[in-house]
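Chemist: Listed below are the residues making up each chain.
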Amino acid sequence: MAHAESNVAVEPILEVAGVTRRFGDRVAVDDISFSIPPGQIYGLLGPNGAGKTTTMKMVCGLLHPDSGTVRVAGHPAGSLSAKALVGYVPQDIALYPDLTGRENLRFLGRLFGLGGDLLGERVDVALELTDLGDRANDRLSTYSGGMQRRLNIAAGLLNHPVLLVLDEPTVGVDPQSRHAILERVQTFGQLGMAVVYATHYMEEAERVCDRVGIVDRGRLVAEGTRRELVDRLGERDRIELGAAGNLEHLAEACRSLEGVEGAAVADHHVQLLVREGRQLLPAVLEAAERTGVQVSSVDVIEPDLEAVFLHLTGTALRE
Amino acid sequence: MAPALVIAQKDLRQRIRDRSAIILGVVAPLVIAALMSLAFKGTETIHLTLGVVDSDHGPAAAGLVEALHGPGLKDLVTVVSETSPHAASDAVQTGRAGAAMVIPAGFSASIGGSHPLPLTTLTNVNNTLAAEITSSIAQSFVAQINADRLSVATAVAGGEAPASASAALATAHLSLPVQAVQQAFGAKELKTISYYGPSMAIFFLLFTISFTSRSFFVDRDQGMLERMLAAPVHPLSVLLGKVLSAFVFGVVSLGIIVAVTTYAFGADWGNPLAAGLLSLAMVLAVTATTALVIGVARTQRQAEGISSFVVFGLALLGGNFVFVSVTPPIMQRLALLTPNGWALRGYTDLATTGGGLAIVAVPIVAILVYTLAVAAAATALAPRALRP
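The listed protein sequences derive, respectively, from chains Z and R. Numbering-wise (this note's numbering), the first sequence opens with residue 1 and increments by one. Numbering-wise (this note's numbering), the second sequence opens with residue 1 and increments by one.
It should be emphasised that the hints constitute simulated quantities derived from the structure, not laboratory data. Check each hint, because a few of them may be wrong.
Claimed, not checked - Simulated coverage check for chain Z against chain R, where a stretch passes if three residues somewhere in it have a Cβ under 8 Å from a Cβ of chain R:
no. : stretch
1   : 83-90
2   : 100-114
3   : 245-252
To be verified - The calculated label-pair distances, taken between Cβ atoms and stated as ranges, are:
no. : chain 1 : residue 1 : chain 2 : residue 2 : range
4   : R       : 2         : Z       : 134       : 56 to 66 Å
5   : R       : 263       : Z       : 141       : 35 to 45 Å
6   : R       : 323       : Z       : 98        : 50 to 60 Å
7   : Z       : 221       : R       : 17        : 32 to 42 Å
8   : Z       : 30        : R       : 2         : 36 to 46 Å
9   : R       : 379       : Z       : 81        : 43 to 53 Å
10  : R       : 372       : Z       : 115       : 31 to 41 Å
11  : Z       : 134       : R       : 22        : 30 to 40 Å
Backbone N, C-alpha and C define an ideal beta-carbon position, used for all residues, glycine too.
Excised from the complex, chain Z in its bound form (with noise of 0.2 Å):
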């Protein structure tokens, strides 16, 4: 996070200028821009189909934008120059069950190159980077969830990106590999390493990322560190209430309150932006009892990703 406010001369690494991706009529990156520089988390914050993985696939070259540039270090993204200094982790773990966790490492390895007692080190350090080197000699079948997460991370520092595309890398995995690996992430920017870093989870994005752009729709609806985008709430707060019920019309009913200013509802919660939110929860809890509602939780909280994200686009980020 150093990195943030010092950044401003440097040449990005990652610079993605307009750039628009269609699959038939839908669109799904609607003109999107922003640029990473060296040592950078930037994190792509927002919902499933919001367009974070097809930009990912175009950073790493594997699909071509219909308008706009990607360049990675200067090079064209998907040039062979440009593929040598990116380090992609996708969203799946795509790695092979019957090969070991070196044998997997030693032939994506070999892809970028690599060789000898060169790629022997790349190796070493790829699996104690992601605490794997005991396990290294043992099939990827015989790993947990959680492990073979991260070696599918391993797998992208092999060729010592300049920029690490991770996508999602935490789906799926428990409390404590989830832990892990934010904790090697936060390592990778401290290593110089430019990290584009998509996720739907607002608390990711707010514990690892330098910058954040979110994503709604294929379009970025904003960016900026976590301060910036917070301050542009102003004195608002979140409510979350936790609740039985029709959630739709207790958000409905919300909406027509004084004071609240977006409404959604999102894995059995109905989430308020609010102005003043502890004066306003008498009037909202009213609303549930007038709507049959149950509420069994109220949380009111300072301003946070998730509010700004309902604040822009008027949803919720788990919808």
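Place chain R on chain Z using the hints.
Modeler: Just chain R, lined up with the frame of chain Z:
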């Protein structure tokens, strides 16, 4: 190392670990070839016990029996004398004789007249080969008698005394046209294992199409194709690596089968250089076909379906299950549209003629033409398959 080689090496490592590939590539063809060789062993060393009933005892009957004992048939036929048509029929039915021939009383005398008596053959529907051989012998003999009758008639018409013409016929040295029998079994004996060894080796080699194309789509479904394409490699290298592994696997598999069938089962693959080049051409054809299936299919399921169709279609048309020579002419022509049909023809020619490179030049060229055409189509379709 070139990316294609890296991918091929990794694929081979996985294939060796996967025992089913070893079973399909080496063990199965050997076992099936051995079993088929055993099952059809009778067709390579045909020996017929032929019952003969001589109710005539005349010169023509003696000539026929002498011909049956002659050097042309001694390896093929053992003649057993039967006392009556009833006894001969019993011998055929019980299997003591493969077939029987009845020479009726008055046969010799009748062939000089206008109504010659017929030879009768007794056969069993369960032994069609013996029936065909016996029928062939009888027809050949009758054909020669008829030719002699025509000679006599011509001589008489030319003013020769009938008595001297009949005497000439009676003393004629009757013999069987040996070439009729020889033509049925080829210039050099083809051992069954020499047909089914290559045949099964090729049939199971065709399965390489199936598991290599499947492996490509498994890689794609698991995100490995995308991961490979994110590395600084040319997309075609990925496809090349896949088919290269198929090529190496095919060569090794064929090599092992050639060695084992030669030394353990006595198969004759013919001239080693010619057989080797023919085998290489066939593996190339399989490799190109694999690339085409990858190019045509869009999913793993489609790849499995298309490759099954291709494998069994080629095997059936090419003659991997039955001798092409016993199939109808249309099937024999269709076999030459397949690389395996040409390869089998080449192996058979090598085994039966003892020839060298010249004998397989046409099959090799035909296989390479197929390979080039298929490879061109595969290359055109490859970009679609390599789209992440």
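Chemist: Now look at each hint and say whether the structure bears it out.
Modeler: Structure-based check of all given hints:
1. 83-90: holds (count 5)
2. 100-114: holds (count 7)
3. 245-252: violated (count 0)
4. 2/R to 134/Z: 56 to 66 Å: violated (33 Å)
5. 263/R to 141/Z: 35 to 45 Å: holds (39 Å)
6. 323/R to 98/Z: 50 to 60 Å: violated (41 Å)
7. 221/Z to 17/R: 32 to 42 Å: Because 49 Å falls outside the window, the suggested range is violated.
8. 30/Z to 2/R: 36 to 46 Å: At 40 Å between Cβs, range holds.
9. 379/R to 81/Z: 43 to 53 Å: Given range 43 to 53 Å: violated, Cβ gap about 25 Å.
10. 372/R to 115/Z: 31 to 41 Å: Because 34 Å falls inside the window, the suggested range holds.
11. 134/Z to 22/R: 30 to 40 Å: holds (31 Å)
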